[in-house]
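From first to last, the protein sequence lines are chains A and B.
The first sequence begins at 1 in our numbering and counts up one residue at a time.
The second sequence begins at 1 in our numbering and counts up one residue at a time.
Among these hints, one or two may not hold up.
If chains are identical, the list can't say which one is meant, so a pair holds when it fits in one copy or spans any two.
As the list claims (entries may be wrong) - In silico SDA-like links for lysine to any residue, alpha-carbon gap of 25 angstroms or less:
#	residue 1	residue 2
1	K65	R219
2	K222	R275
3	K156	P266
4	K222	L267
5	K156	D34
6	K212	A114
7	K3	L267
8	K65	A22
9	K3	T291
10	K212	D137
11	K195	Q279
12	K195	E142
13	K212	G253
14	K65	K212
15	K65	R284
16	K212	P52
17	K3	R31
18	K222	Q279
19	K195	K212
20	K212	G29
Hints were generated in silico from the structure; no laboratory data involved.
Note that the structure is predicted; figures quoted are calculated from it, not measured.
There are 2 protein chains.
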Amino acid sequence: MAKLLECALNFSEGRREEVINAVVAAAQGVRVLDVASDKDHNRTVRTFVGSPEAAAEAAFRVSAKAVERIDMNGHRGAHPRMGAVDVIPFVPLGQATMAEAIAMARQVGQRLGAELGIPVYLYEEAATRPERRNLADVRQGEYEGLPQKLAEPQWKPDFGPDHPHPTAGATAVGARIYLVAYNVNLGTPDVEIAKAIARTVRAKTGGLQNVKALGVMLRERKLAQVTMNVVDPLCTPLYRVLELVRLEAARYGVAVVGSEIVGLVPLAVILETARYYLQLEGFRDDQVLETRLWGETP
Amino acid sequence: MAKLLECALNFSEGRREEVINAVVAAAQGVRVLDVASDKDHNRTVRTFVGSPEAAAEAAFRVSAKAVERIDMNGHRGAHPRMGAVDVIPFVPLGQATMAEAIAMARQVGQRLGAELGIPVYLYEEAATRPERRNLADVRQGEYEGLPQKLAEPQWKPDFGPDHPHPTAGATAVGARIYLVAYNVNLGTPDVEIAKAIARTVRAKTGGLQNVKALGVMLRERKLAQVTMNVVDPLCTPLYRVLELVRLEAARYGVAVVGSEIVGLVPLAVILETARYYLQLEGFRDDQVLETRLWGETP
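Can you build the whole structure from these sequences, using the hints too?
Put into C-alpha cells, the structure is as follows:
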C-alpha cells in the first residue's frame, strides 16, 4: 500500500455553515474522508488522507483559511480550544512511517509560524520536550490563557511568535498513531456526573490504558457526555470503554442513552466490537465480503 | 457501491478433482470467492461475484463445462440433486436490485434451455408460479424422477425441452436475498436443549421472522449447537437472534459459550451488530475507513 498520511484537522467553528464550508473547501489534492461539525463543541474536524506532501500542503491551506475566517475573541464552545486552527494531528497509514509523519508536522508547524504568524506547539510524537507530548497540557489555559502562557520561558513555542495571534490564538501540530474519537451520552443533564465518570475511565486518573476523557454538556440535547479519545483502539477496544462507562454511570443511577464514533474508524475496530458482543469464535477479517471485493491496493 | 451479483453455482461433482477443476476454471471476468467440494454430497459450490452481465456469462460458461463433463446416469451422492448443474442462485449485492438478479436468472435460464438443451425451472424470487418458489419442491423426485415430472403439465419447465437432457438432467435457476449462516454454541452437551431452543427461535414455529434453525451436536467438542440460516440479516439482525437464543437458553440454566458466522457476511451486517451493542447514534457505513480507501468499484 502507498505511503499515506491521514490528517484530522480540528478548527474552532461548528455553527456557521458558510465559514465551515469555506474552510473545508480550501484544499485539494487529498481525499476528504470526513467532515464532522458539532454545534455544542463549536468545532469541526476535517479528516483527509493523501501522500505526505499533499497532506501537509492541504493542512496549511485549510489552516490559512481558518485563520482568515475565525476570530477567537468571543469564541464559545464546550470543547477545550486555543486557536482558530486548534490541533493538526498527522497519522501514518499504509507504508508511511512515524518519522515521515513527524517531518510533515514540523514542516506545517514551521509554515504556520513563519507565514501566518501563529505560535505553534509540536505535540505527541513530534514533541520537542516531554511536557509537550500531551495535548491537554499544551492546551491548558485555552485561548484566554495564551498571553500568560506564551510569556513563560518553558512554554516558548516551537515555531512562530512569543505572543498569541490577535484573532487566531495558537495551534498544536503533531504526529500520533491512530485514535478513535468516541463519545458516550448519558441519561442525565448533570455535567458533574459526566466529569466524575470521565475521571474514572481516563488512563491518567486510574481508568483504562489509552483513554483520554472529559465530561461535557450537550446544551441542545440537555444531556451530559463523556467525550473520549481512545488511542490504539485495537489494544483498548471500544466495547471495554463503553462497558466501563456504563458501570461507572450505574453508581449514579444513570444509563447510557447512546454513543457516537466521530469521524473514521478502521474496520478492525468495528470487528472487535462484533467479536466481543456476539462471542464470535474464529471470525476472520476476510470473512467480511467487501474485503474480498476491495482487494486491490489503492 | 457497484451493482454486483453473487452467484453460488452448485454442480454435481465433488470427488473427481480434474472434473471439478475443469468446471471451476471455465469462466473468467468474475471474482471467485469460494470453491467448496463435498465428497459425501458429491457436489461442489463455486461462489463468485461480478457485475450482473459478467456473473450471468460466467454462470453460463461454468454450466456448459459441467454439462460437458458430468454424466448424471449413475451419479450417487448424499445431497438431493436433479442435474449436472443442479442450482444457480443469484444474490444482489451493493447497488444491484432484486429485479436485476431476477432478470439475469431468466437470461441464464433461457440460454441453458436454448443453447444446451437443458430443461430449466426458475425458483425463489424468479419463480413463475408460487409452487415453484421452494427449491426442495422443484427438485422433488431428483434426477431419476425427471422423465415423469417433465411429462406433467404443471411441471412444464420455464425454459428448454419437455424431457430431461440425456446426461445432464435439469437445472434450477433463481434469485434470492442474502442469507447468513450463523451458529450459536451452548454450554451443554444435551442436544435436546439445542433442539428445543431451535424450535423457539425458528420463524415457522413461533420465533423470529427470517430464521431457520436446527439443534445439532458438535461431537468433537461435546457441545450442543443451534445452527441457523438468517435470511435478510439486515431485517432480522444477528444480535436479535443471539439474544433470543440466550434468553431461551437461560430457561435451562444454559449459557451461550460462543457463536460462529460461516462463510462471508456483508459489512452492513457487522455494522448493525456494532450499532446495537455500542448504542451508536448516526453511525454511517462510510465512517469505516476502508470504504473510503478502496472506494473505486472493483
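Tested hints:
no., hint, in the structure
1, K65 x R219, "neither (28 angstroms within a copy, 66 angstroms between copies)"
2, K222 x R275, "between (33 angstroms within a copy, 23 angstroms between copies)"
3, K156 x P266, "neither (36 angstroms within a copy, 52 angstroms between copies)"
4, K222 x L267, "neither (32 angstroms within a copy, 34 angstroms between copies)"
5, K156 x D34, "neither (33 angstroms within a copy, 56 angstroms between copies)"
6, K212 x A114, "neither (32 angstroms within a copy, 67 angstroms between copies)"
7, K3 x L267, "both (16 angstroms within a copy, 22 angstroms between copies)"
8, K65 x A22, "within (7 angstroms within a copy, 59 angstroms between copies)"
9, K3 x T291, "both (16 angstroms within a copy, 16 angstroms between copies)"
10, K212 x D137, "within (12 angstroms within a copy, 56 angstroms between copies)"
11, K195 x Q279, "between (32 angstroms within a copy, 21 angstroms between copies)"
12, K195 x E142, "within (18 angstroms within a copy, 63 angstroms between copies)"
13, K212 x G253, "within (23 angstroms within a copy, 40 angstroms between copies)"
14, K65 x K212, "neither (29 angstroms within a copy, 58 angstroms between copies)"
15, K65 x R284, "neither (43 angstroms within a copy, 28 angstroms between copies)"
16, K212 x P52, "neither (27 angstroms within a copy, 48 angstroms between copies)"
17, K3 x R31, "both (14 angstroms within a copy, 23 angstroms between copies)"
18, K222 x Q279, "between (35 angstroms within a copy, 18 angstroms between copies)"
19, K195 x K212, "within (12 angstroms within a copy, 47 angstroms between copies)"
20, K212 x G29, "neither (32 angstroms within a copy, 49 angstroms between copies)"
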